[in-house]
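A.B. asks: Next come the chains, spelled out residue by residue.
There are 2 protein chains.
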Amino acid sequence: MPTSKDVARLAGVSQSTVSYVMSGRRPISEETRKRVEDAMAQLAFQPNAGARALASRRSQVIGLAIPFVPDLHMGSIMEFISVIAATARQSDYDILLITDDEGPEGLERVVGQQLVDGLIIMQVAGDDARVPVIRKLPVPSVLIGVPEKRAGLECIDADFELAGTMCVEELARLGHENVILVDWQDTVVTRHVNYVKRFHRGVDKAAAAAGVKVIRTPGRVTIAGMEKAITKALKENTGIPAFIAPEGANQDLLVEALTNLGLVLGKDVSVVVNCPDRLAERQRIPLTTIWMEPDEVSRRAVRMIVRDLTDPQSRPHEDLELIKPVLKRRKSTIRPRSQR
Amino acid sequence: MPTSKDVARLAGVSQSTVSYVMSGRRPISEETRKRVEDAMAQLAFQPNAGARALASRRSQVIGLAIPFVPDLHMGSIMEFISVIAATARQSDYDILLITDDEGPEGLERVVGQQLVDGLIIMQVAGDDARVPVIRKLPVPSVLIGVPEKRAGLECIDADFELAGTMCVEELARLGHENVILVDWQDTVVTRHVNYVKRFHRGVDKAAAAAGVKVIRTPGRVTIAGMEKAITKALKENTGIPAFIAPEGANQDLLVEALTNLGLVLGKDVSVVVNCPDRLAERQRIPLTTIWMEPDEVSRRAVRMIVRDLTDPQSRPHEDLELIKPVLKRRKSTIRPRSQR
DNA sequence: GCGCATCGTCGATGCGCATCGACAAATCGA
DNA sequence: TCGATTTGTCGATGCGCATCGACGATGCGC
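Each protein sequence line maps, in turn, to chains A and B.
In terms of our numbering, the first sequence opens at residue 1 and continues consecutively.
In terms of our numbering, the second sequence opens at residue 341 and continues consecutively.
I should point out that these hints are in silico values taken from the structure, not numbers from a laboratory.
A virtual CB, placed ideally from N, CA and C, is assigned to each residue, including glycine.
Heads up, a few of these hints could be off.
Only pairs whose alpha carbons sit at most 25 Å apart, straight line, appear in this in silico SDA-like list of lysine to any residue [said to hold, decoys possible]: (1) Lys267(A) <-> Glu281(A); (2) Lys374(B) <-> Ser359(B); (3) Lys572(B) <-> Gly262(A); (4) Lys607(B) <-> Glu227(A); (5) Lys671(B) <-> Gly579(B); (6) Lys568(B) <-> Arg282(A); (7) Lys34(A) <-> Met22(A); (8) Lys5(A) <-> Tyr20(A); (9) Lys671(B) <-> Gly225(A); (10) Lys476(B) <-> Leu43(A); (11) Lys553(B) <-> Ala573(B); (12) Lys235(A) <-> Gln185(A); (13) Lys545(B) <-> Gly466(B); (14) Lys374(B) <-> Glu105(A); (15) Lys5(A) <-> Pro478(B); (16) Lys568(B) <-> Leu279(A); (17) Lys568(B) <-> Ile285(A); (18) Lys5(A) <-> Glu448(B); (19) Lys34(A) <-> Gln453(B); (20) Lys537(B) <-> Ala569(B); (21) Lys476(B) <-> Arg89(A); (22) Lys545(B) <-> Asn577(B); (23) Lys476(B) <-> Gln42(A); (24) Lys331(A) <-> Val561(B); (25) Lys476(B) <-> Asp38(A); (26) Lys228(A) <-> Thr187(A); (27) Lys568(B) <-> Gly266(A); (28) Lys5(A) <-> Ala395(B); (29) Lys476(B) <-> Glu488(B); (30) Lys331(A) <-> Thr562(B); (31) Lys331(A) <-> Arg173(A); (32) Lys671(B) <-> Gly602(B); (33) Lys205(A) <-> Glu148(A); (34) Lys345(B) <-> Val139(A); (35) Lys476(B) <-> Pro47(A); (36) Lys149(A) <-> Glu321(A).
According to the in silico footprint, chain B covers these stretches of chain A (three or more CB under 8 Å from chain B) [to be verified]: (37) 49-55; (38) 79-88; (39) 109-116; (40) 216-223.
Could you build the full structure based on these sequences and the hints that come with them?
C.D. replies: This is the structure we're talking about:
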């Protein structure tokens with residue numbers, strides 16, 4: 001493997017000049033720059049990451065703590081990871097994975113070894129065990145999710161509370177007097193992932209304000225379970241029912257179950273689900289969606305950590321960014337009065 | 341951050357001794373070892389990864405090339421990644437992500453920078469553009485998947501051909517005379533991912549051997565689509581139909597569609613799907629499964645690359661490991677004669 | 001025409017660790 | 001009993017790069 005010394009020799013300059021060509025931290029004449037760059041190209045030179053990290057004390061690597069989640073919607077996590085990795089590359093950072101298997105010590109390890117310059121922590125729970133660890137670490141971190149005690153931390157997430165509010169307001173605006181909330185699975189709700197709580201708060205607030213009644217039914221993993229849950233909820237309901245399904249995994253099941261029960265979306269029933277446009281549009285009846293913009297959350301997380309790393313001055317003492325969800329009206333919602 | 345020099349000073353030994361305590365490459369007296377280890381613990385010493393990489397010329401990092409897949413079953417990819425990362429840690433390796441966005445050059449970059457000691461390449465297609473690049477790289481790689489030209493490469497994958505054979509043989513053994521293969525989506529089939537081809541080959545071979553007729557219908561993304569496809573396939577079918585659904589994403593849809601059509605699994609129809617035990621068992625009617633053991637594939641991939649790295653002598657010129665799928669008989673398959 | 005700042009380059013140094021050669025002390029075999 | 005190992009430790013060196021101080025060469029104002 002060629003080194004910067006080899007490049008220097010070929011270009012007829014000193015090694016330090018090569019280094020300054022790369023970093024641009026000192027003025028270099030146009031002519032010298034060209035000679036060096038040609039030499040680099042000719043040798044296919046790539047700077048050694050270890051040496052660079054050692055000398056500069058920065059690894060250009062960001063650690064990404066990924067969740068362990070057998071029952072959570074895995075596909076969406078994959079999406080986060082892809083977008084984070086791709087976005088990081090645009091700022092010349094690589095992504096190193098940290099699994100939950102290692103526990104919070106994994107974070108201490110990668111930071112202690114100076115393998116990473118900063119951390120992005122996914123799926124942060126309200127009482128996340130990683131939070132106290134992160135606080136003590138000498139590198140910046142960005143949390144995706146909002147822990148209960150977030151003093152001194154930088155957090156980003158979708159605005160679940162606003163999402164809840166938007167769903168209810170939209171349905172209330174259409175004239176619905178009840179909404180049936182098809183909730184996350186119980187296992188998720190009880191795991192202190194507080195975005196569920198935040199969504200509920202948004203729903204409840206808006207419902208109170210609009211005088212709408214909320215019926216809640218837990219999410220199910222099978223169609224049969226979903227049908228049963230829906231049937232039960234429908235008994236409490238009066239008028240044309242309106243459903244909200246904030247969890248991605250519930251979306252298919254809900255639509256399918258309603259169809260099985262003979263209810264036509266946008267005619268006999270209103271439905272708002274959380275799913276990407278692509279999916280919503282290819283349904284038999286295009287779905288009205290509340291979309292949490294996970295890609296945007298991912299990009300912003302990267303942007304935050306990169307800012308912290310490139311310009312430590314600008315690092316806020318703490319920060320909470322909530323991404324506004326997008327409500328897209330399609331064909332699965334209806335104005336109930338017009339049907340009576 | 342404490343360095344090995346600090347540890348040495350505290351323990352009253354030389355820095356090199358500290359290094360030898362860590363690596364075990366020279367004998368160290370029990371007493372000295374203890375003093376050094378105590379000093380390490382006291383200072384919470386962690387060796388600097390950059391310095392270590394520079395001096396030892398190994399980064400203890402494995403690059404993982406992840407696929408870009410909007411329509412492929414994302415959840416399963418996530419599973420691969422988790423298991424790979426966790427397994428790698430057990431051998432003291434970390435995982436660095438390489439996305440498809442960077443193209444094959446991404447591989448050259450991480451290797452050129454000596455960021456990684458080796459590569460694991462996921463979702464290798466028959467004519468994968470990454471394969472010629474990998475061939476030229478000076479580090480070992482393990483491919484998950486089987487490219488067409490695999491001379492000189494180490495590959496691992498589930499044995500899709502055997503899986504196809506096992507499904508058909510099982511159904512033939514039960515007495516079915518036709519099988520309906522609910523295939524991958526067209527977009528996947530045409531993308532040269534040759535595991536589809538291998539599965540088909542296994543199915544066809546076994547079908548020919550057992551005198552079974554194969555009816556093929558492409559996978560669909562909606563229940564309605566699936567119902568239509570099934571209805572069509574059923575017209576060609578005689579006797580009690582038998583379905584095989586090798587793609588995970590089809591599994592729910594198929595079961596649901598059959599149910600909607602009034603067919604009871606394991607009574608009116610036999611079904612073999614590819615899905616994890618956990619999922620198969622919590623269905624209304626537990627499903628007979630052909631499971632491709634993705635976790636085992638992941639673990640083996642890591643084991644292979646780790647072996648290559650720790651003992652370069654033993655690195656095979658080329659290798660192809662195929663993991664045997666597991667067929668588990670549950671309640672969704674039936675002996676057709678007994679029903680007549 | 002002279003001092004002074006800026007430009008452009010070089011050499012030297014050190015980042016923190018692994019590794020090699022050296023060497024004293026302990027152990028062994030004959 | 002003495003050479004030949006083996007054991008246990010140290011000092012020196014270098015991995016490849018970033019960075020600092022130094023310094024000659026220009027350009028500037030006056």
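A.B. asks: Is Lys34(A) close enough to Met22(A), meaning Cα to Cα at most 25 Å?
C.D. replies: Distance ~12 Å between Lys34(A) and Met22(A) Cα, so the pair holds.
A.B. asks: Has the stretch 216-223 of chain A got at least three residues whose CB is nearer than 8 Å to a CB belonging to chain B?
C.D. replies: The restraint on the stretch 216-223 of chain A holds, since 3 of its residues have a Cβ under 8 Å from chain B and three suffice.
A.B. asks: Is Lys345(B) close enough to Val139(A), meaning Cα to Cα at most 25 Å?
C.D. replies: Status holds; Cα separation ~23 Å.
A.B. asks: Holds or violated: Lys671(B) and Gly602(B), Cα atoms, limit 25 Å.
C.D. replies: holds (17 Å)
A.B. asks: Please verify whether Lys476(B) and Leu43(A) have alpha carbons no more than 25 Å apart.
C.D. replies: holds (16 Å)
A.B. asks: Mind checking the alpha carbons of Lys553(B) and Ala573(B) for me, to see if they're no more than 25 Å apart?
C.D. replies: holds (12 Å)
A.B. asks: Assess, step by step, whether the Cα of Lys476(B) is no farther than 25 Å from the Cα of Pro47(A), and give holds or violated.
C.D. replies: holds (19 Å)
A.B. asks: Is Lys476(B) within 25 Å of Glu488(B), Cα to Cα?
C.D. replies: holds (17 Å)
A.B. asks: Between Lys5(A) and Ala395(B), does the CA-CA distance stay at or below 25 Å?
C.D. replies: Satisfied, since the Cα-Cα distance of roughly 17 Å is no more than 25 Å.
A.B. asks: Need the status of pair Lys671(B), Gly225(A): alpha-carbon distance at most 25 Å?
C.D. replies: OK: Lys671(B) and Gly225(A) at ~19 Å, within 25 Å.
A.B. asks: Between Lys374(B) and Ser359(B), is the straight-line Cα distance small enough, at 25 Å or below?
C.D. replies: Holds, at roughly 14 Å.
A.B. asks: Are the Cα atoms of Lys476(B) and Gln42(A) separated by 25 Å or less?
C.D. replies: The given pair, whose Cα atoms are some 17 Å apart, holds under the 25 Å limit.
In terms of the numbered hints stated before, the structure departs from none.
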